[in-house]
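Asks: Based on the sequences and whatever the hints tell you, model everything.
Sequence order for the protein chains is V and A.
If you're matching positions, the first sequence starts at 1 in the numbering used here and goes up one per residue.
If you're matching positions, the second sequence starts at 1 in the numbering used here and goes up one per residue.
A portion of the hints provided could be inaccurate.
Claimed, not checked - Computed footprint of chain A on chain V; a stretch qualifies when at least three of its residues, placed anywhere within it, have a C-beta under 8 Å from a C-beta of chain A:
id	region
1	118-132
2	139-146
3	156-166
Hints were generated in silico from the structure; no laboratory data involved.
Cβ coordinates follow ideal geometry from the N, Cα and C atoms, glycine included.
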Amino acid sequence: MLLLQGIAWIFAPANWASVNSGLGIGGEILSHLFYTVLSVAIAAVVAVPIGLAIGHTGRGRGGAILIGNVVRAFPTLGLLAILLILLGFGLIPTLVVFVLLGIPPLLAGAYAGVESVDRQTVDAARAMGMTEWQILMKVELPLAAPLLLGGLRSSTLQIIATVALVSEFGSDSLGAFIISGAATQDYVEMIGGSILVTVLALLADALLAGAQRLTVPRGVPRGAGGRTTAGGRRILTAPSGAPISEGN
Amino acid sequence: MSIEFRHVSKTFPDGTTAVEDFSLTIPSRETTVLVGSSGCGKTTLLRMINRMVDPSSGSILIDGKDIAEIPPVGLRRSIGYVMQNSGLLPHRTVADNVATVPMLTGVPKRKAREDALALLDRVGLDRALAGRYPSQLSGGQQQRVGVARGLAVDPNILLMDEPFGAVDPIVRDELQQELLRLQGTLGKTVVFVTHDIDEAFLLGNQVVILQRGGRIAQVGTPKEILANPANEFVADFIGAKRGKRRLRIDETGRGEDVLLVDAAGYAAGVLSADDARLVLTGSGPKSRSVSNKTDQAGDA
Ligand SMILES: Nc1ncnc2c1ncn2[C@@H]1O[C@H](COP(=O)(O)OP(=O)(O)OP(=O)(O)O)[C@@H](O)[C@H]1O
Ligand SMILES: [Mg+2]
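Replies: And the structure:
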């Protein structure tokens, strides 16, 4: 019953203009997306080059796993609170938190992707006279793309879920409805907000899953997260340290 | 393009000494085969020629020039390299694989692709395969693409590391003949690694029999080695086969041609009465059954 009411709440035009004299649904969605896209982009710019370098050289893997585990070990809300108190509220500290949480899956996706490339293929590329940069860009990156996109997927979901939490500290996101709904015991608003966050996460995931399929290089058997040997056999490898954690 | 090893040793970081004080001159425009059992340092020796491995001591000269002074990337682009598992890039088509190195060196894409198609002809592959991916080829076809890629920059030196090791005996036989034919027209300096002594004797102008640590047991033409094994090791290495190489006439043979059998009783060939010439079918595993010879099918 509550669920239907929540859906009705979402489709009520008035709620798109403004809710509780704050931002309406449209505004909160835009704000949610703004934080998400910006944070994922920054996290990717930081994590992907480092992850590729780790995968290519085989050095620093231990460090990356450690960072990932440490970040993941913190309860997200606690981390958020501590950092916001330490760094002060505002756009930059909030983004820092999202970026921090978004980095580990991207990092793991990047290095696991490069590591999954058959060493013989890389060796052959080097023996042909490719420079290390060419090996990375022309061989390792295209073959690592599906796992890399997998990392991007986890990272995005992680950030979408976390952005919902910052409303606790006054920033705008779809989480605002959940929090204000809970505070005023307006469960319809709360359910409506929850549905919106869920749908946003599912849509983002579907979009990225599509992108992931598209990046599977032709000639390599379909499906992400696999390694092709010279004989074309496929060995499934789990992107170590990159579980799809969708929430907290 | 002669290649000279001068007192070359290689000890890997983990302490394994793969090659110790190896000296050899590899003559230009001929095929030199390095043969020896697993782990004797063949691959290490081969990869020192294109600086995929750098010697711990000693030097390697190509036409008198120490390769330690040549930047590895440029050196590798000028030397063809064919490996056992083809090493093709799985995300590129056959044509793109063959065109890879020329394009790295700045050959325009169009020309590189045209050249690639011509190379497919050269190695006996149908041009229709040009658009396929490596995973869509048979092992034998992959090796042919590997050879085409090795030849793509028209290198003077071609390094081949057990290139036919992973294909079945019939295809292997075809590929060997193809290589002989190619080498007849191209005249490259080929350095070929194998652990199969028959392959070594078939392909090599010069055969180098290696012992553990890259120690040379004997260097010579196949004839010289067969006629005069330098020591027990060499005699042993070719010896397991020597019993089989000694052929006798099969008493049950009928007609003009005389059937020859080896020591183990396997049919090894026929002595043709027309020209009284010995037709050897070789003594590889395939010749153990003469019927094999009659159903040689192409791999394409
Ligand atoms: N990168 C490396 N690090 C340490 N040891 C190595 C390395 N490469 C080769 N070796 C060792 O050096 C020795 C010679 O190896 P190499 O690969 O040259 O032998 P091979 O004659 O080619 O053998 P195979 O016929 O099995 O290919 C072996 O004992 C091997 O274990
Ligand atoms: Mg080897």
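Asks: Evaluate each hint against the coordinates.
Replies: Each hint tested on the structure:
1. Coverage of the region 118-132 of chain V by chain A holds in this model, with 12 residues showing a Cβ closer than 8 Å to a Cβ of that chain against a need of three.
2. Judged by the Cβ-Cβ criterion of 8 Å, the region 139-146 of chain V is covered by chain A as claimed, because 3 of its residues qualify and three suffice.
3. Counting residues of the region 156-166 of chain V whose C-beta lies closer than 8 Å to any C-beta of chain A gives 0; at least three are required, and the coverage claim is violated.
Going down the numbered hints, you'll see the structure goes against just number 3.
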